[in-house]
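Q: Now for the letters of each chain:
Number of protein chains: 2
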Amino acid sequence: MSTVTACTSADVRFPTSQSLDGSDAMNPDPDYSAAYLTVHTDAEDGLSGHGFVFTIGRGNDIQRVAIDVAASHIVGRDVEELLRDMGATSRLLLHDSQLRWLGPEKGVMHMAIGAVINALWDLKAKRAGLPLWQLLSRMSPEELVDLVDFRYLSDALTREEALDILRRAEPGREEREQRLLAEGYPAYTTTPGWLGYSDEKLARLCREAREDGFTQIKLKVGADLEDDIRRFRIAREVMGPDFPIAMDSNQRWDVADAIEWVNALAQFDPHWIEEPTSPDDVLGHAAIARGVAPIPVATGEHVHNRVMFKQLMQADALRYVQIDATRVGGVNEIIAIVLLAAKFGLPVCPHAGGVGLCEAVQHFSMFDFVAVSGTKEGRVIEFVDHLHEHFVTPTKIEGGSYVTPTAPGAGTEMHEESIRQYTFENPAAAEVA
Amino acid sequence: MSTVTACTSADVRFPTSQSLDGSDAMNPDPDYSAAYLTVHTDAEDGLSGHGFVFTIGRGNDIQRVAIDVAASHIVGRDVEELLRDMGATSRLLLHDSQLRWLGPEKGVMHMAIGAVINALWDLKAKRAGLPLWQLLSRMSPEELVDLVDFRYLSDALTREEALDILRRAEPGREEREQRLLAEGYPAYTTTPGWLGYSDEKLARLCREAREDGFTQIKLKVGADLEDDIRRFRIAREVMGPDFPIAMDSNQRWDVADAIEWVNALAQFDPHWIEEPTSPDDVLGHAAIARGVAPIPVATGEHVHNRVMFKQLMQADALRYVQIDATRVGGVNEIIAIVLLAAKFGLPVCPHAGGVGLCEAVQHFSMFDFVAVSGTKEGRVIEFVDHLHEHFVTPTKIEGGSYVTPTAPGAGTEMHEESIRQYTFENPAAAEVA
Numbered sequence: 001m002s003t004v005t006a007c008t009s010a011d012v013r014f015p016t017s018q019s020l021d022g023s024d025a026m027n028p029d030p031d032y033s034a035a036y037l038t039v040h041t042d043a044e045d046g047l048s049g050h051g052f053v054f055t056i057g058r059g060n061d062i063q064r065v066a067i068d069v070a071a072s073h074i075v076g077r078d079v080e081e082l083l084r085d086m087g088a089t090s091r092l093l094l095h096d097s098q099l100r101w102l103g104p105e106k107g108v109m110h111m112a113i114g115a116v117i118n119a120l121w122d123l124k125a126k127r128a129g130l131p132l133w134q135l136l137s138r139m140s141p142e143e144l145v146d147l148v149d150f151r152y153l154s155d156a157l158t159r160e161e162a163l164d165i166l167r168r169a170e171p172g173r174e175e176r177e178q179r180l181l182a183e184g185y186p187a188y189t190t191t192p193g194w195l196g197y198s199d200e201k202l203a204r205l206c207r208e209a210r211e212d213g214f215t216q217i218k219l220k221v222g223a224d225l226e227d228d229i230r231r232f233r234i235a236r237e238v239m240g241p242d243f244p245i246a247m248d249s250n251q252r253w254d255v256a257d258a259i260e261w262v263n264a265l266a267q268f269d270p271h272w273i274e275e276p277t278s279p280d281d282v283l284g285h286a287a288i289a290r291g292v293a294p295i296p297v298a299t300g301e302h303v304h305n306r307v308m309f310k311q312l313m314q315a316d317a318l319r320y321v322q323i324d325a326t327r328v329g330g331v332n333e334i335i336a337i338v339l340l341a342a343k344f345g346l347p348v349c350p351h352a353g354g355v356g357l358c359e360a361v362q363h364f365s366m367f368d369f370v371a372v373s374g375t376k377e378g379r380v381i382e383f384v385d386h387l388h389e390h391f392v393t394p395t396k397i398e399g400g401s402y403v404t405p406t407a408p409g410a411g412t413e414m415h416e417e418s419i420r421q422y423t424f425e426n427p428a429a430a431e432v433a
Numbered sequence: 001m002s003t004v005t006a007c008t009s010a011d012v013r014f015p016t017s018q019s020l021d022g023s024d025a026m027n028p029d030p031d032y033s034a035a036y037l038t039v040h041t042d043a044e045d046g047l048s049g050h051g052f053v054f055t056i057g058r059g060n061d062i063q064r065v066a067i068d069v070a071a072s073h074i075v076g077r078d079v080e081e082l083l084r085d086m087g088a089t090s091r092l093l094l095h096d097s098q099l100r101w102l103g104p105e106k107g108v109m110h111m112a113i114g115a116v117i118n119a120l121w122d123l124k125a126k127r128a129g130l131p132l133w134q135l136l137s138r139m140s141p142e143e144l145v146d147l148v149d150f151r152y153l154s155d156a157l158t159r160e161e162a163l164d165i166l167r168r169a170e171p172g173r174e175e176r177e178q179r180l181l182a183e184g185y186p187a188y189t190t191t192p193g194w195l196g197y198s199d200e201k202l203a204r205l206c207r208e209a210r211e212d213g214f215t216q217i218k219l220k221v222g223a224d225l226e227d228d229i230r231r232f233r234i235a236r237e238v239m240g241p242d243f244p245i246a247m248d249s250n251q252r253w254d255v256a257d258a259i260e261w262v263n264a265l266a267q268f269d270p271h272w273i274e275e276p277t278s279p280d281d282v283l284g285h286a287a288i289a290r291g292v293a294p295i296p297v298a299t300g301e302h303v304h305n306r307v308m309f310k311q312l313m314q315a316d317a318l319r320y321v322q323i324d325a326t327r328v329g330g331v332n333e334i335i336a337i338v339l340l341a342a343k344f345g346l347p348v349c350p351h352a353g354g355v356g357l358c359e360a361v362q363h364f365s366m367f368d369f370v371a372v373s374g375t376k377e378g379r380v381i382e383f384v385d386h387l388h389e390h391f392v393t394p395t396k397i398e399g400g401s402y403v404t405p406t407a408p409g410a411g412t413e414m415h416e417e418s419i420r421q422y423t424f425e426n427p428a429a430a431e432v433a
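Sequences listed follow chains A and B, in order.
Position one of the first sequence corresponds to residue 1 (my numbering), numbered consecutively onward.
Position one of the second sequence corresponds to residue 1 (my numbering), numbered consecutively onward.
Any given hint could be a false lead.
Chain copies aren't distinguished; within one or between two, either way the pair holds.
[Said to hold, decoys possible] Heads up, simulated SDA-like pairs for lysine to any residue below, C-alpha to C-alpha not over 25 Å straight-line: (1) Lys343 / Val238; (2) Lys343 / Ala256; (3) Lys343 / Ala286; (4) Lys343 / Ser140; (5) Lys201 / Thr3; (6) Lys396 / Phe344; (7) Lys343 / Asp257; (8) Lys343 / Ile259; (9) Lys201 / Gln267; (10) Lys343 / Arg176; (11) Lys343 / Ala315.
Read the hints as simulated data drawn from the structure, not as lab findings.
Kindly produce the complete structure, drawing on both the sequences and the hints.
A: Put into structure tokens, the structure is as follows:
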């Protein structure tokens with residue numbers, strides 16, 4: 001038996017706003033950051049669990065305090081008991097009625113709980129000696145549905161339906177594991193498409209993306225229509241008529257604006273329009289989806305829980321399900337969303353970039369391939385070539401695909417030196433207190 | 001000219017879980033709390049602004065840190081400039097792109113920004129020598145719409161439509177002010193209906209509610225159906241066939257359960273069913289509304305922003321709009337929601353109770369009466385007789401109505417002695433850090 005002896009956290013911020021990388025129509029100056037958690041135990045294996053919430057700078061300290069509060073639930077507890085039944089552990093945290101009031105199941109508190117749950121999954125995978133995707137892919141359908149909180153889902157997905165989905169995918173798991181290890185998982189890159197790049201840089205980065213083997217790129221749009229038309233024309237000319245080019249407006253528009261703007265760009269055959277409006281606006285996304293058809297709508301990086309994903313699917317409001325590794329309540333809720341996507345027949349194409357999101361989300365797409373949807377068809381994982389060097393098991397890309405990770409864990413562990421070097425001291429804290 | 005010299009905050013918690021008052025199907029042991037903010041200036045008037053977020057205990061420290069971060073935006077700024085254009089001030093806080101990532105516009109961060117905005121409104125009203133309801137009710141339609149962020153609303157409510165609504169209500173403002181000062185505003189009480197009371201206590205409190213002049217009561221339901229049937233029968237027998245008795249399940253059900261449970265209680269003619277399911281589930285509420293008709297659905301205390309309220313209205317999913325004083329992004333967003341309600345012809349019946357919510361929400365119903373809907377018909381403000389003594393201008397109830405406040409401010413100022421006495425020291429903080 002071993003015990004959680006301590007949970008330590010850190011406010012890690014990279015000063016990315018000093019370059020223009022990562023800028024978009026709504027987030028002009030992000031400082032990519034992580035509110036970071038380490039779960040320590042007294043086990044002889046010496047293993048620790050690592051999780052984090054990705055933020056873009058200010059407020060990372062708030063996120064860290066929230067993680068501290070959520071993590072206090074597991075300090076002093078029996079590690080084996082926590083890890084044995086991760087469904088129960090997830091409920092222990094999410095059903096704390098007092099903390100729940102701060103959401104419920106959304107925003108800072110929900111993401112904090114997700115970080116704690118993810119750190120425990122990292123520990124569980126390390127103890128099993130498996131990468132997270134493989135650990136999940138080898139669990140039985142019954143074990144997997146036990147991880148899911150079906151509350152508020154039963155009008156769209158019941159436990160029995162989820163079991164059916166997982167059982168249908170059981171034959172062939174082993175063969176798909178082998179394929180995945182051999183082939184990796186297709187990636188797309190946002191690198192060419194950030195706002196603020198010159199036309200020359202855009203054209204060069206487009207060419208490089210194709211040379212690097214990526215089979216899809218994405219452009220940020222929404223700040224200025226004339227600009228977008230010019231940039232999309234350049235990208236289309238460089239990439240040719242058949243290369244998938246998605247676009248992303250980062251919540252910039254109201255419903256009518258979205259429909260008008262997207263239709264003005266329809267001439268360039270966009271692969272999808274991502275985050276056309278508020279992530280909360282299910283009905284707005286549905287209206288936009290109807291108004292811009294056949295251009296598909298994608299969203300998810302800011303969709304705060306499974307209840308919102310459920311509705312976006314029920315309302316036929318999205319075509320690509322862009323799960324994020326740290327927005328929702330951890331691995332368990334991500335499994336719920338992956339199962340919902342399978343129920344509705346929608347491809348999961350995770351959001352990544354930021355700090356450590358590539359390292360984390362790849363596990364969910366790979367789990368989806370092996371144990372849920374059984375296919376990579378029409379599916380890609382976002383890739384941005386930022387900040388990977390700070391992670392112990394950094395993402396590897398070869399020929400435009402994620403190289404399937406084989407190191408034990410969830411991919412979420414940062415180098416101690418990186419944490420030390422980029423720990424943020426808030427100069428404003430003294431003024432206010 | 002004066003300057004915001006400091007923003008001080010406090011983690012105030014009342015140990016209410018030691019009694020059963022305030023318990024419901026989802027919140028068995030709340031410790032009513034406030035993450036509390038005071039805005040200090042160097043003006044000669046010596047006035048300060050007060051705002052808070054209501055929480056139910058654990059996590060109040062997180063909420064306080066979030067308030068500190070949001071408040072750091074206004075420290076050192078020109079007070080007159082901040083207060084002159086509260087629309088711009090609200091945008092200054094809400095459009096901080098880095099903090100926005102933590103929501104967007106939801107949960108801990110959004111409520112924190114709301115507390116800062118509300119503290120400034122308290123200060124503005126005090127400087128004007130008016131209670132907040134009266135300050136708002138005397139602003140021109142143009143000034144009022146300038147307070148509202150119409151982003152993501154324009155498919156349901158445009159600036160022009162909002163102006164029309166306010167202009168239509170301009171005639172008669174003065175007469176309604178006088179009526180309000182003479183009559184107050186009708187209240188309903190939840191006091192009899194908490195779970196955990198004996199049948200005798202329930203019956204006695206029902207009788208007392210009627211004797212006190214309340215014209216509506218509310219029962220908590222959703223923990224046990226047989227219990228609910230017995231309790232509702234008692235309440236109905238005591239109150240007679242025509243007395244409005246609402247019920248509240250505090251998000252306890254999935255869609256199908258809600259429809260079944262509510263219909264099993266339909267025999268007692270409930271006035272509304274409140275929070276039948278997840279506050280995020282717009283489509284679920286719409287399905288429930290259809291499934292339990294003609295019993296009306298009410299919700300709002302956990303609805304996190306104007307975009308969610310908009311959709312609940314567009315989907316015909318709610319009949320009573322239960323705004324909360326500290327859940328959304330402050331007075332400005334509440335005005336947006338009140339205008340949406342007017343557009344859809346729905347009565348605003350605020351959620352109250354907790355800590356200071358009665359003191360705060362009354363201003364919004366009264367503003368609605370004088371300057372927006374122009375009527376009190378079918379409208380009530382919740383009242384719970386808890387913790388009022390800690391406020392400088394406590395709510396007064398006479399004959400079942402809120403006595404219209406005349407003291408300058410937003411009602412949000414606590415006694416310094418109460419803050420001192422109930423400031424919480426977190427014993428867990430040391431363990432985790």
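Q: Under a CA distance limit of 25 Å, which applies to Lys343 and Ala315: within one copy, between copies, both, or neither?
A: both (14 Å within a copy, 24 Å between copies)
Q: Pop the pair Lys201 and Thr3 into one bin, within, between, both or neither, using alpha-carbon distances up to 25 Å.
A: neither (53 Å within a copy, 46 Å between copies)
Q: As a check of your reading, is Lys343 near Ile259 (CA-CA no more than 25 Å) within one copy, between copies, both or neither?
A: So Lys343 and Ile259 pass the 25 Å test across copies only (24 Å; inside, 28 Å).
Q: Given a CA cutoff of 25 Å, do Lys343 and Ser140 count as a within-copy pair, a between-copy pair, both, or neither?
A: within (18 Å within a copy, 52 Å between copies)
Q: Can you tell me if Lys396 and Phe344 fall within 25 Å by alpha carbon in one copy, between copies, both or neither?
A: For Lys396 and Phe344, the Cα distance exceeds 25 Å both inside one copy (31 Å) and across copies (53 Å).
Q: Given identical chains, is Lys343 near Val238, meaning Cα to Cα at most 25 Å, within a copy, between copies, both, or neither?
A: neither (37 Å within a copy, 49 Å between copies)
Q: Up to 25 Å between alpha-carbons, please classify Lys343 paired with Ala286: within, between, both or neither.
A: Answer is both; intra-copy 18 Å and inter-copy 22 Å each pass.
Q: With 25 Å as the alpha-carbon cut-off, assign the pair Lys343 and Ala256 to within, between, both or neither.
A: between (30 Å within a copy, 19 Å between copies)
Q: One pair to classify: Lys201 and Gln267, alpha carbons no more than 25 Å apart. Within, between, both, or neither?
A: For Lys201 and Gln267, the Cα distance is within 25 Å only inside one copy (23 Å; across copies 70 Å).
Q: Please work out whether the CA atoms of Lys343 and Arg176 approach to 25 Å or closer within one copy, between two copies, in both situations, or in neither?
A: Within one copy, since 20 Å is at most 25 Å while 54 Å is not.
Q: Between the shortest in-copy and the shortest cross-copy C-alpha distance, which are at most 25 Å for Lys343 and Asp257: within, between, both, or neither?
A: Cα proximity of Lys343 and Asp257: across copies only (21 Å, versus 31 Å in one copy).
Of the numbered hints stated above, those contradicted by the structure are hints 1, 5 and 6, listed in ascending order.
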